[in-house]
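Model the placement of chain B on the given structure of chain A, informed by the hints.
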Amino acid sequence: MYEELKDLGFVVITVALDRSTDDARPWIEAAQPTHPALIDIAHVLADRYNMVNVPTILWIDEHGRIVRPNDVAFGDDRFRATTGLDSAKHLDALRTWVRDGARPFTDDQVRALQAWPSAADQEARAFFGLGEWLYEQGRAASAARHFAHAGELAPHDFTIRRGTMRMVGLDPMGPEFRAMYREWTQAGHPYYRPLPDTAG
Amino acid sequence: MDKDTATAHSFVLIDAGHPLAVAVVVNGGQVWLPADAVKAALGWDLRPEGLCQGDVCVPLPPESAILSRDSIDLAGLAAALRRPLALDLEERAAYLGAPAADRGAALASLDAPDFMLPDLEGRVHSLSAHRGKKVLLVAYASW
Numbered sequence: 000m001y002e003e004l005k006d007l008g009f010v011v012i013t014v015a016l017d018r019s020t021d022d023a024r025p026w027i028e029a030a031q032p033t034h035p036a037l038i039d040i041a042h043v044l045a046d047r048y049n050m051v052n053v054p055t056i057l058w059i060d061e062h063g064r065i066v067r068p069n070d071v072a073f074g075d076d077r078f079r080a081t082t083g084l085d086s087a088k089h090l091d092a093l094r095t096w097v098r099d100g101a102r103p104f105t106d107d108q109v110r111a112l113q114a115w116p117s118a119a120d121q122e123a124r125a126f127f128g129l130g131e132w133l134y135e136q137g138r139a140a141s142a143a144r145h146f147a148h149a150g151e152l153a154p155h156d157f158t159i160r161r162g163t164m165r166m167v168g169l170d171p172m173g174p175e176f177r178a179m180y181r182e183w184t185q186a187g188h189p190y191y192r193p194l195p196d197t198a199g
Numbered sequence: 000m001d002k003d004t005a006t007a008h009s010f011v012l013i014d015a016g017h018p019l020a021v022a023v024v025v026n027g028g029q030v031w032l033p034a035d036a037v038k039a040a041l042g043w044d045l046r047p048e049g050l051c052q053g054d055v056c057v058p059l060p061p062e063s064a065i066l067s068r069d070s071i072d073l074a075g076l077a078a079a080l081r082r083p084l085a086l087d088l089e090e091r092a093a094y095l096g097a098p099a100a101d102r103g104a105a106l107a108s109l110d111a112p113d114f115m116l117p118d119l120e121g122r123v124h125s126l127s128a129h130r131g132k133k134v135l136l137v138a139y140a141s142w
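From first to last, the protein sequence lines are chains A and B.
For the first sequence, numbering that gives the first Met the number 0 gives the first residue as 0, with consecutive numbering after it.
For the second sequence, numbering that gives the first Met the number 0 gives the first residue as 0, with consecutive numbering after it.
No wet-lab data here; the hints were simulated from the structure.
Glycine is no exception: its CB is placed at the ideal position from the N, C-alpha and C atoms.
Hints may be right or wrong, so weigh each one.
As the list claims (entries may be wrong) - Simulated crosslink set (PhoX-like; lysine-lysine; CA at most 25 Å straight-line):
| no. | chain 1 | residue 1 | chain 2 | residue 2 |
| --- | --- | --- | --- | --- |
| 1 | A | K88 | B | K38 |
| 2 | B | K133 | A | K5 |
| 3 | B | K133 | A | K88 |
| 4 | A | K5 | B | K38 |
Claimed, not checked - Not everything, but these chain A residues come out facing chain B in the computed CB check (under 8 Å):
| no. | residue |
| --- | --- |
| 5 | T13 |
| 6 | D22 |
| 7 | A36 |
| 8 | A41 |
| 9 | W58 |
| 10 | V97 |
| 11 | R98 |
| 12 | S117 |
| 13 | L133 |
| 14 | V167 |
| 15 | P171 |
Looking at chain A on its own, in the form it has when it is part of the complex (with noise of 0.2 Å):
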């Protein structure tokens, strides 16, 4: 897709939001891009764009405008039996972007879209802030405290309560994972939010 586009006044930048660089140089390296492929321990990003999950994709045109907000995309469909996600959905629409133009929200409706972050949000992210830097000066037994901590002040934030898994001894693929996903569904909540135009 990015070759497809690339010459068309568009890139494509991933950012890894992993636990270490090693943990992220596999997928790159494998993946050999074209663009850039950045790495994100600390979860600038995250905090920056409200991001609560993985994937999460936004556009930027031109003048940096925001015009499609945290979004829900994935590049192939090999997860599709379990997000209901069809991602040529996604991809069509962005074509349609980049080769026509054509912004598939007004500025309003892009506001209407957005989740901005609560006080508990942003208090999180201090929490799993101090737990990372912990972790890396060797005080996982604290750090593992304050990501347990920041998993009950925001829920709904998997960059943290999945994200943390590595670090306090978890598999994020094992039982773990499956039985927080299945609780936090249960409950009727999403795990993914896509938005209206490219969900389902």
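Relative to chain A, chain B alone:
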């Protein structure tokens, strides 16, 4: 508050991701930051009219219990600046995050917040360097 009986400690104050070691006085559950540490770590001057950066001052509560001589209580400072605080007294470390209102207002402006992040080789990239192009920003993770 009897801070003269408390002892001075080295403390790490992480301001939005940037750690700085400062000398503080810990007394009970309170961390007292001297004015020079407030200036060094956060760039605010502690003045009689409040916390100031240039001509901009954030007033502090009158008769404030968060002030003691030339020091300010860290939790009170965070509250005055409306910044979330994560404090670990045992580890002698605290993280000051970004105010929810600032983050929300920045997103509502629709100007995409800039960031600077490294690639695998450690080269730092910014979003703003790509101005003039359409950008698909993709956050993902290996977890």
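**Asked** How about V167 of chain A: closest beta carbon in chain B under 8 Å, or not?
**Response** At 12 Å from the nearest chain B Cβ, V167 of chain A fails the 8 Å test, so the hint is violated.
**Item:** Restraint satisfaction for L133 of chain A [CB to CB of chain B, less than 8 Å]
**Value:** holds (6 Å)
**Asked** Does the CB of S117 of chain A sit less than 8 Å away from some CB of chain B?
**Response** Holds. Min distance 6 Å.
**Message:** Is the interface hint satisfied for D22 of chain A? The criterion is a beta-carbon contact with chain B at less than 8 Å.
**Reply:** holds (5 Å)
**Prompt:** If you draw a straight line from the CA of K88 of chain A to the CA of K38 of chain B, is it 25 Å or shorter?
**Reply:** Violated, because 51 Å separates the two Cα atoms, which is more than 25 Å.
**Message:** Holds or violated: the hint that T13 of chain A contacts chain B, with Cβ atoms closer than 8 Å.
**Reply:** It holds, given that the least Cβ distance between T13 of chain A and chain B is near 5 Å, below 8 Å.
**Pair hint outcome, K133 of chain B versus K5 of chain A [Cα-Cα no greater than 25 Å]** = holds (9 Å)
**Asked** If you take the shortest Cβ to Cβ gap from P171 of chain A to chain B, is it below 8 Å?
**Response** holds (4 Å)
**Item:** Restraint check, 8 Å cut-off on beta carbons, for A36 of chain A near chain B
**Value:** This hint holds: A36 of chain A lies near chain B, its Cβ roughly 6 Å from the closest one there, short of 8 Å.
**Prompt:** How about A41 of chain A: closest beta carbon in chain B under 8 Å, or not?
**Reply:** Hint holds; A41 of chain A Cβ to chain B Cβ min 5 Å, cut 8 Å.
**Message:** Is the interface hint satisfied for R98 of chain A? The criterion is a beta-carbon contact with chain B at less than 8 Å.
**Reply:** violated (10 Å)
**Asked** Is the hint on W58 of chain A kept, meaning its closest Cβ partner in chain B is under 8 Å away?
**Response** Cβ of W58 of chain A sits 6 Å from chain B, so the hint holds.
Violated hints, in rising order: 1, 4, 11, 14; the structure is consistent with all others.
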